[in-house]
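K.L.:
Given chain F's structure and the hints, the job is docking chain D onto it.
Going down the list, the sequences are from chains F and D.
Residue numbers for the first sequence, in the working numbering: 157 to 487.
Residue numbers for the second sequence, in the working numbering: 5 to 472.
Source of the hints: derived by calculation from the structure; they are not laboratory data.
No experiment lies behind these values; they were computed from the predicted model shown.
Be careful, since some hints might not be right.
Claimed, not checked - Listed next, the stretches of chain D that the computed footprint assigns to chain F, with coverage defined by at least 3 CB atoms under 8 Å from CB atoms of chain F:
#1 7 to 19
#2 449 to 455
As the list claims (entries may be wrong) - With beta-carbon atoms standing in for the labels, derived distance ranges:
#3 His326(F) x Val394(D): 41 to 51 Å
#4 Phe86(D) x His326(F): 21 to 31 Å
#5 Leu422(D) x His326(F): 32 to 42 Å
#6 Thr443(D) x Arg390(F): 30 to 40 Å
#7 His326(F) x Lys284(D): 56 to 66 Å
#8 Gly463(D) x Thr162(F): 36 to 46 Å
#9 Phe86(D) x Asp355(F): 33 to 43 Å
Stated by the list, open to error - Here are the simulated DSSO-like pairs of lysine-lysine, each with C-alpha atoms no more than 30 Å apart in a straight line:
#10 Lys272(F) x Lys449(F)
#11 Lys314(F) x Lys188(D)
#12 Lys402(F) x Lys272(F)
#13 Lys397(F) x Lys199(F)
#14 Lys272(F) x Lys351(F)
#15 Lys402(F) x Lys351(F)
#16 Lys159(F) x Lys189(D)
#17 Lys351(F) x Lys397(F)
#18 Lys272(F) x Lys439(F)
#19 Lys387(F) x Lys189(D)
#20 Lys74(D) x Lys352(F)
#21 Lys337(F) x Lys208(F)
#22 Lys47(D) x Lys351(F)
#23 Lys74(D) x Lys312(D)
#24 Lys337(F) x Lys47(D)
By construction, the Cβ of each residue, glycine as well, lies at the ideal position given by its N, Cα and C atoms.
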Amino acid sequence: MKKTLTYFVFRGLILGGFIILLGWIYQKWFYVETLNKEGWLKKIGDTSFSKKANILYFSASPNASFPESDTDRRSIHEKIQFYLNNNTIEALDTGAIHAGIFLHALQQLPQDYKPKIILMDLNLRSFGKMWIHSGLENSLQRNLVYWNNYPGLYNRIKASLKNYPYLPLHEREALINYSEKFDVLPFKKACYTIKKWVDSLNFRADHYDGIGREFVRNFGFQINESNEMLKNYREVVAFCKLQKLKLVFLILPENIESMRKNSGENLVKLCDKNIKYLKFQFKNIPIIDLSNKLNSSYFYETFPTEHYNQEGREIVAKCVGTYFKKLSNIK
Amino acid sequence: MLFTSLDFFLFLPIVLIGYYLISPKYRWIFLLVASYFFYAGWKINYLGLIIFSTVVDFIASNLIFKTENKSKRRWLLGASLFINFTLLIVFKYFHFLIGGSHWFKNLANTNDDAMWLQFVFEYGIPVGISFYTFQSVSYVVDVYRKRTIPEKSFGKFALYVTFFPQLVAGPIERFEHLHPQLFKKFTPNWQHFRTGLQIMLVGFFLKMSVADNIGAFVSPIFNSPELYSLSTKWLGVLLFGIQIYTDFNGYTLIAIGCAHFFGVQLMDNFRLPYGSYSLKDFWSRWHISLSTWFRDYVYIPLGGSKSKKYRWFMAIFITFFLSGLWHGAAVNFIYWGILHGLYYLIEQAFFPIKKDRILPYWEKSIRWILTMSVVAFGWLLFRIDRMKKVKLFFQESEFLKTEISMDYLLIIPLFFFLIYELIVRKKRPNNFLDTQSTTIRWGIYLILIALIVMFANTGDLAFIYFQF
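Here chain F stands alone, though its shape is the one from the complex (with noise of 0.2 Å):
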């Protein structure tokens, strides 16, 4: 017996030192690779979180998009700095974000750093099912798991046996094909549910072409209290009310204009129900709401998304700019 415990104990002692050993090598020499890599959100959060800003703007993709033609290549919230005379802000974007990964990045402010303001993208997009079920959203997941201060062979272990949420890619699809076929709009017949919709819009020949189809599967749903976003934006208010920060939603612009050309009357209408519906359920929250500011010169892709050209940056910026003017706390 004693024979055996020493046999096991000596063995484990070998193989413990070993992984501590490991572990030190890991963090010496490839752990900055590994968030190069696959933590790259946690980067993009230390830079935001310089301490240095005074308003914080959580975005998507919008912010920093923009098309080869543009001579003016800031993002959105360099050209809202234009508009604020003392005070800074930073910003944490990249694509496919939402507000579960938005909340994450809150928990994660330095206990030392309270920025005024907490201005944060409500992506309308976001709250479907195409956004939710993102091929990205993998690669979201495994970004939090090194943002953290755990050390990093542990992260990248948890990582590698997928110790996050994580789903394969056919059976997100295979969500999102279901919630387009059995989740129930409030129109009738041929708008009963997005199948049927996007079906009907191929036999409409003034109305079809693909980029119809894509704007009602991705702003074809009707927001109500299960929506998991609707729930990660409850909990981003209720953080900030506890930690004390003040947070503005910033409602951006959608291509209006080409989603009536595209895909008919309804889905404008369906847009607009969801911001009201957004609007009372947040009534507490000061939201900017820039949802039919600009027409389609401004977008410069025609498949759904909210990417402005220089302009279309500069006229969410005004008015970003404007709104912070007003507030008296931040001047």
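P.N.:
Quick look at chain D alone, frame taken from chain F:
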């Protein structure tokens, strides 16, 4: 649940503790429940399918055994095969067979009675359906041929079909090999554990550190070959050959190691396949459980090598064609099968290796290069998603070529994999490790652990053979 997921690392110890604590008499019941749980972890909807298939084969085999009436036996076998292969066709080959037809999709969308079609379209291929169908079919055919006495207990037969370590990607076991091991008196000891852990450790290294890192390198090349230089594309093809080997062999070793914990020795699936001097040799070393299945249940019934030449030609060709089709419901797999079939015939017709002949070094080298060239080209067909892309692998990129970086995540595991292949060769990893001194053995363990925890890929890559 994936072998390389945290779920499995929690599932396995719980099952083992339960298995060892339960009275030996009831252990198989526990193992059966665990196996169903394991399968339900993929998608609970398909649990019904595997149970249905098991019920059909259980009833058919017992009825075949009971009757001596030849036509009745044949009819029962036919019914069992028909149901098994119908399930396989409906759930695996349906998309392929209907091609681009939207008629079925429209039917599924507009007709409530055709809801099952939506199920087929939306949930994809049930994991492991080809593996458990073939395993089950081999049992019914063996009963028909009076080589096997059927199991009288449904539960025990169900465990043979669903034994979780080999359920979703093999090895495809025969009844007379696996079944007795599942129910024999088994007293677990440290040696079982040690052997199991040794094999699994190598399996995890091959899958997580080698195959997945190569996969991350290779995928962009196959997705957009037009963006890469000719040399990069062919490097991608060669690396895919290593990826598929380490991926599948890694899975098999984890399965074999895991089965050791329950006192079960699964069959080997690979024996240094890239050391083959002929395609015949290659197929005796690659996916052995499948190639022997095709030999016993397709090739030999079609006449085998003892029949007339034209029948033998047909038997070879049909076997390889079906082997290609088994791998997937797509044209590229069929072409892959045909390529292997044709080269096999050419090789046997023009330059066969006579039995017991020792090949000189130069001949070995030429034969090896020829065989590996065919195998590599075969992998191109196997991996490509659209046949149109094949020609892109024979022309330079017209676009600005994408630079590709060979980072340490690829090079370090690849280097250790090559050393592993050269040293271990055809042996099982545990047989090699057991012949080493404690210091060397532990040195190898520690290197493997380091390679797994520091270099395991974190991406979205599942086991390649799960799709089959």
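K.L.:
Now look at each hint and say whether the structure bears it out.
P.N.:
Right, here's what the structure says about each hint:
1. Coverage of a stretch by a chain is defined here by at least three residues with a beta carbon nearer than 8 Å to that chain's beta carbons; for the segment 7 to 19 of chain D and chain F the count is 4, and the condition holds.
2. Under a criterion of three residues with beta carbons nearer than 8 Å to beta carbons of chain F, the stated coverage of the segment 449 to 455 of chain D is upheld, 3 such residues being counted.
3. Remark: the range hint 41 to 51 Å for histidine 326(F) to valine 394(D) is contradicted by a beta-carbon distance near 25 Å.
4. Evaluation of the 21 to 31 Å hint for phenylalanine 86(D) and histidine 326(F) yields a pass: the beta carbon distance comes to about 29 Å.
5. For leucine 422(D) paired with histidine 326(F), a C-beta distance near 33 Å keeps the hint of 32 to 42 Å intact.
6. As the Cβ distance of threonine 443(D) to arginine 390(F) is approximately 59 Å, the hint placing it in 30 to 40 Å is violated.
7. One distance hint, 56 to 66 Å for the beta-carbon pair histidine 326(F) and lysine 284(D), is violated here, with the actual separation near 37 Å.
8. For glycine 463(D) and threonine 162(F), the Cβ-Cβ distance of about 42 Å falls inside the hinted range of 36 to 46 Å, so the restraint holds.
9. Between phenylalanine 86(D) and aspartate 355(F) the beta carbon distance is about 36 Å. The supplied range of 33 to 43 Å therefore holds.
10. Straight-line distance between C-alpha atoms of lysine 272(F) and lysine 449(F) comes to about 26 Å, which keeps the hinted pair within the 30 Å bound.
11. The hinted pair formed by lysine 314(F) and lysine 188(D) fails the criterion: a straight-line CA distance of about 38 Å is larger than 30 Å.
12. With a C-alpha separation of about 6 Å, the suggested pair lysine 402(F) and lysine 272(F) falls inside the 30 Å cut-off, and the hint holds.
13. Between the alpha carbons of lysine 397(F) and lysine 199(F) the distance comes to roughly 26 Å, so the proposed pair stays at or under 30 Å and holds.
14. Taking the CA atoms of lysine 272(F) and lysine 351(F), the gap is about 45 Å. The hint is violated against a cut of 30 Å.
15. Distance restraint check for lysine 402(F) and lysine 351(F): the Cα-Cα separation of roughly 41 Å exceeds the 30 Å cut-off, and the hinted pair is therefore not satisfied.
16. About 28 Å separates the Cα atoms of lysine 159(F) and lysine 189(D), which keeps this hinted pair within 30 Å; it holds.
17. For a cut-off of 30 Å, the pair hint linking lysine 351(F) to lysine 397(F) is broken: about 40 Å separates their Cα positions.
18. Between lysine 272(F) and lysine 439(F), the direct Cα distance comes to roughly 20 Å. Compliance with the 30 Å bound is thereby established for this hinted pair.
19. The hinted pair formed by lysine 387(F) and lysine 189(D) fails the criterion: a straight-line CA distance of about 54 Å is larger than 30 Å.
20. Taken as a hint, the lysine 74(D) and lysine 352(F) pair is broken in the structure, with Cα atoms around 54 Å apart against an allowance of 30 Å.
21. The suggested pairing of lysine 337(F) with lysine 208(F) is violated, with an alpha-carbon distance near 48 Å, which exceeds 30 Å.
22. A hinted pair counts as satisfied when its Cα atoms are at most 30 Å apart, and lysine 47(D) with lysine 351(F) qualifies at roughly 24 Å.
23. For the suggested pair lysine 74(D) and lysine 312(D), the alpha carbons sit about 27 Å apart, so the restraint of at most 30 Å is met.
24. Restraint check: the Cα-Cα separation between lysine 337(F) and lysine 47(D) comes to about 20 Å, which is no more than 30 Å; the hinted pair holds.
Hints 3, 6, 7, 11, 14, 15, 17, 19, 20 and 21 from the list above are not met by this structure, while the remaining hints are.
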